[in-house]
Amino acid sequence: MNALVKDPMSWTDVGAVTDIPLRGARRVPTPAGVIAIFRTGDGKVFALKDACPHKGGPLSQGIVHGHAVACPLHNWSIDLATGEPLGADRGKGCTPVVPLEVRDGRILLGRA
Amino acid sequence: MTRQRLVVIGNGMAGCRAIEEILARDSWRYEITVFGAEPRVNYDRIMLSPVLAGEKSFADIVINDEAWYRDNGIRLLSGVAVTAIDPASKTVTGAGGVRVRYDKLILATGSDPVRLPLPGADLEGVVTFRDLDDVEAMIAASAHPGAKAVVIGGGLLGIEAAYGLVRRGMAATVVHLMDVLMERQLDASASFLLTDALSARGVETVLGAQSEEIEGADGRVTGLRLKDGRVLPCDLLVMAVGIRPNVALAAAAGLAIGRGIVVDDQMRTSHGAIFAIGECAEHRGVAYGLVAPIWEMCRTLGKVLTGDEAAAYEGSLLQTRLKVSGVDVFSAGKFSGGDGCEDIVFRDAGRGVYKRVVLEAGRVAGAVLFGDAADGAWYFDLMRSGAEVADIRETLIFGQSVTEGLRGLDPSAAVAAMADQAEVCGCNGVCKGAITGAIVSEGLTTLESVRAVTKASASCGSCTPLVEKLLKLTLGDGFQEQTGPKPVCGCTRHGHDETRRRILAEGLKSIPAVMQALEWTTPDGCASCRPALNYYLICAWPGDYRDDKQSRFINERAHANIQKDGTFSVVPRMWGGMTSSDELRAIADVVDKFAIPAVKVTGGQRIDLLGVRKDDLPAVWADLNAAGMVSGHAYAKGLRTVKTCVGSEWCRFGTQDSTGLGVRLEKFMWGSWTPAKVKLGVSGCPRNCAEATCKDIGVVCVDSGYEIHIGGAAGLHIQGTEILTRVATEEAAVWTICAVTQLYREEGWYLERIYKWMARVGLDSIKARIENPDDRRALHDRFAYSQRFSRIDPWAERVAGRHAEEFNPLSRRMEFA
Chain R
2 MNALVKDPMS WTDVGAVTDI PLRGARRVPT PAGVIAIFRT GDGKVFALKD
52 ACPHKGGPLS QGIVHGHAVA CPLHNWSIDL ATGEPLGADR GKGCTPVVPL
102 EVRDGRILLG RA
Chain S
213 MTRQRLVVIG NGMAGCRAIE EILARDSWRY EITVFGAEPR VNYDRIMLSP
263 VLAGEKSFAD IVINDEAWYR DNGIRLLSGV AVTAIDPASK TVTGAGGVRV
313 RYDKLILATG SDPVRLPLPG ADLEGVVTFR DLDDVEAMIA ASAHPGAKAV
363 VIGGGLLGIE AAYGLVRRGM AATVVHLMDV LMERQLDASA SFLLTDALSA
413 RGVETVLGAQ SEEIEGADGR VTGLRLKDGR VLPCDLLVMA VGIRPNVALA
463 AAAGLAIGRG IVVDDQMRTS HGAIFAIGEC AEHRGVAYGL VAPIWEMCRT
513 LGKVLTGDEA AAYEGSLLQT RLKVSGVDVF SAGKFSGGDG CEDIVFRDAG
563 RGVYKRVVLE AGRVAGAVLF GDAADGAWYF DLMRSGAEVA DIRETLIFGQ
613 SVTEGLRGLD PSAAVAAMAD QAEVCGCNGV CKGAITGAIV SEGLTTLESV
663 RAVTKASASC GSCTPLVEKL LKLTLGDGFQ EQTGPKPVCG CTRHGHDETR
713 RRILAEGLKS IPAVMQALEW TTPDGCASCR PALNYYLICA WPGDYRDDKQ
763 SRFINERAHA NIQKDGTFSV VPRMWGGMTS SDELRAIADV VDKFAIPAVK
813 VTGGQRIDLL GVRKDDLPAV WADLNAAGMV SGHAYAKGLR TVKTCVGSEW
863 CRFGTQDSTG LGVRLEKFMW GSWTPAKVKL GVSGCPRNCA EATCKDIGVV
913 CVDSGYEIHI GGAAGLHIQG TEILTRVATE EAAVWTICAV TQLYREEGWY
963 LERIYKWMAR VGLDSIKARI ENPDDRRALH DRFAYSQRFS RIDPWAERVA
1013 GRHAEEFNPL SRRMEFA
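Quick mapping for you: the protein sequence lines, in order, are chains R and S.
Sequential numbering of the first sequence, starting at 2, is according to this note's numbering.
Sequential numbering of the second sequence, starting at 213, is according to this note's numbering.
I should point out that these hints are in silico values taken from the structure, not numbers from a laboratory.
Glycine residues also receive a C-beta, built at the ideal position from the N, C-alpha and C atoms.
One should not assume that every hint holds.
Here are some chain S residues pointing at chain R (derived, C-beta under 7 Å) [claimed, not checked]: (1) 680; (2) 739; (3) 778; (4) 1023; (5) 1025.
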C-alpha cells in the first residue's frame, strides 16, 4: 500500500480469515445493521449486508455453496460477489456488498 | 419509499392470480391483505369437475397453499366476509368489525350460482355446483347405493356435474330447457353427437324440458316434476343454470353496476382507487365466466398496478373445452355461422368425428370440433391472429398437420411446425416460444419444472401432452436420459437410491468423496444435495462419519428453529408430553430472564419459546439443562415428539399404559436423524385421543395389545395411517417401531416423509421386511447401534463451548462505532 496516497476508506480489522469456517459465515454487528462475512470452499472471503433482498432473511445463517449462499428463510440463492439473486429469482433486487480486504490473513471491513 | 396498502376482497382464483401478477412485477410495492369468505386456501375451481369424478383430490387442485401467503408476506383474513367498503375514507370493514385501510382495492368477489326459484328449491338434497362444499355434498349423496341425480342445466358445468356423479356410481339425468346441449358453444350436430356420447357413459339427457316443481318428502328431495307432467325421481338435485356476478358490496359502496361491476380497460371501477376482476366484473358489456379471460384481466391489472398505466384489456375471444374423459369437444368464436359466413364441415361417422370451421371474409371466425379436437388451438390461433386463410381453405378442415404438408403421420412434426407465437397453454397465455425458450435457458428437463417456471399446463392441464411433446422435441436425446430416476438435484445425474447404494458399496465416507466418485458437476454441491448427502453418510456410517455442520440447514446447525425475523425458537423435550412443576418453573424463569416475547403450546404437546436471540441460545439452554431438560429436536429432520394420552394409568377407557410406552419410545429414539421429520403418537384406546392415526408412526392400544400404524399426515396433505402390524406386548411394539424407523432411515429419500416413502415403495414391501423375523431383528439392531451415537444432548455440548463461533459475532469492534 502506498502510504502517501490517502485511502478514502477507513478500514476496521474484524478478525482472521480462519475464524470463519470453510463454507460458513460469521456476523459483525454495526449501528447500520449486521454485516455477514462468508468464507467459501475455495477460501475466498466476501461481505454482504446480512439481509436477503427477498424478505430480509439473515444470509449469514444460510448454506454456502460455490460463491453463493442459500437464504435460510425461503432458499433464494444470492451471489456473494454481487449480492444479486441467482436462478429463478434473478433481477429481483440486490443485497448491498460491503467493501472488504484481506491483508496478511486478516479481514478488514471498509467504511467510506 | 413507504409501501402502499393493497386490499383484495376475494381469495379465489382471480384475487390470488392478480396478486401473483403484481408480485411477479414488483414484490415490494404493496403491503397486501386478502379477505376470503371461504375458510380454505386458494384452489382451482375449474378442476372441481375432476374432483367430483374422482380423478383428482382436493390436494391436487390447491393453487396457493398457506406457505405461499406466508412466504409472500400476505396477510390472509380467511373466513372473514367483508361487510362494507367506504371509498371516502378508503376503508374495508369485515365481519367482526375488523377495519383495514387501503390505497388500492381489488374486488374479486366472483359470482354466485343461480338458484331457480322453483317450489321446493329449499329442500335438503338440492345443491348448486360451485364450490368444494357442493362437491362434498354431491359425493356424500353418491355414496348411497342406487341413488339417482337430476341436474338442471345442460351447459358445460351441468354436463360435467352429471358425468362426475355417474363416475361416482349414481344414475344421472341432465334436464335442459333448450333443444341443444351447451347451446352457447355447440351447434345442433355437435350437440347430437354429445348426447349420444354422454348416453354411452351413463348420462341421460332430457332436452326441451321446463322444470316446474321440486318434489320432496320429509324435507328431502324426491324428484323433479316437469311442465309436461313427467316426474324424474331423484335423491340429489343439482342446479347448474349459470352464475350471477357478486356485486352487492360494490353496489352498496356506490360503484357503477351493470350485470357486473363496470370496469374500464384498466380494470378500474367508477371509483379511481378501486378495481374489479374476474366473474364479478363487467367489461365492455360482457361478464365472463371462463378462466382464460380472467387470467388476461389479472395480467392487465398486474401491469396497471405496477406502474404501466398504458396496459389495457380489450376483451377476450372465448374458447371452451369440455372436461369429460374421452369426449373431445372444442368450441370457439362464431361456431354457428350466420349472414356473410361460410361453413366448412367434415364428418367421420365411423370415428364419431364432427368438425365445423366458420369463415368470415376469408378469415376463421369460429370452430366447433367434436370427437377430435386436437386442432382446436390451431384454429383458435388463426382466429385470433385474423390470418387470411383463402390459400389453405381446401385443407383447412383436415387440420394443421395436413395443411402444413406434414401428412399427420408424426405428431411431433406437427408440434415442431407450430409457430413460436402459437399459444400452447390457453389458461395461462403461454406460447410455444416461451416454453422452448425456458427449457433451453433454464435447463428444464421435466414437466414439473416447465410448470414451475412458465406455468404452462399448470391450470386445467389439458395442454399437458403438448408441453411434453415440446420437452421431447427441444431436448431430443437429452429428454430420454431423464426417464430414469429423478436426480438428487441439478449438481448430479444420479438419483437418491443410486447415490446411497454407491456410498455403501464403495465405502464413501465424506461429502467430497461422494462428489468425486459420483462425478458431481459443481465444486461443493448446493443447498439441496449437501444436507441430503450429509444425512445419507450419517445413516450409512454411524459413529464413523464426522457430521459436516456447514452442510446442515441453519436449524440443525443452531439446534433451534429460525423465525422470520432471524430470531430462534426453543422447544425443550418433554418425554411423552409429560412435565412437572419444576420444569414449568424453570421454563418460566428462563422466559423472564431472557425477556422471551412469546410462549406457545405446540400440537405435539411441548412448550415453544419464541423470539430468542441467537447469541442467547447457549445461555437459555444452560438454564434449561440445569432443570434437567434437553433439546426437543423440534428443528430436526429426525425424531420430533411422541404424543400420548394418559392411557390406563388414569383414563377409565385406557387399555394399556400409552403414556409409559410413549415415554419409553421417546427415551430410546430421541436424537435419531431421519430423512424428514418423524412424529409419533400413542393412544391408549381406539378413541385415539393422541391422534396416533395421522402421525408418521402411531400406536393404538387395544385390549389384546398394540396396533402399529404408519404413514399418516396432517399438514397440507391429510392422510390417515395404514396398519403395519398388530403385536401383543409393549416390548414387541418398541421393537417393531424401531425396525420400521430404521427401514425408513435406510430407504427414504432426504426430505421424503414416511407417507411419501410408503406410497413410493408400497406398504406391502415394508410389511414383508418387518414381518420377516431376521430382517426385523437386523433392522432393530442397526437402529440400536446408531442410537449409541445419537442420544447426546446437542444443547449440553454447546453450553460446554462446542461450536462457540456459531453463536458469537466475529467481532464487536464496529458495533458502536
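Verification of the hints:
Interface restraint check: residue 680(S) against chain R, minimum CB-CB distance 21 Å, threshold 7 Å, status violated. For residue 739(S), the shortest C-beta to C-beta distance to chain R is roughly 3 Å, which falls under 7 Å, so the interface hint holds. Of the supplied interface hints, the one on residue 778(S) holds, with its beta-carbon coming within about 4 Å of a beta-carbon of chain R, less than 7 Å. Checking residue 1023(S) against chain R: minimum C-beta separation of about 4 Å stays under 7 Å; hint holds.
Checking residue 1025(S) against chain R: minimum C-beta separation of about 6 Å stays under 7 Å; hint holds.
Checked against the numbered hints listed earlier, the structure breaks hint 1 alone; every other hint is satisfied.
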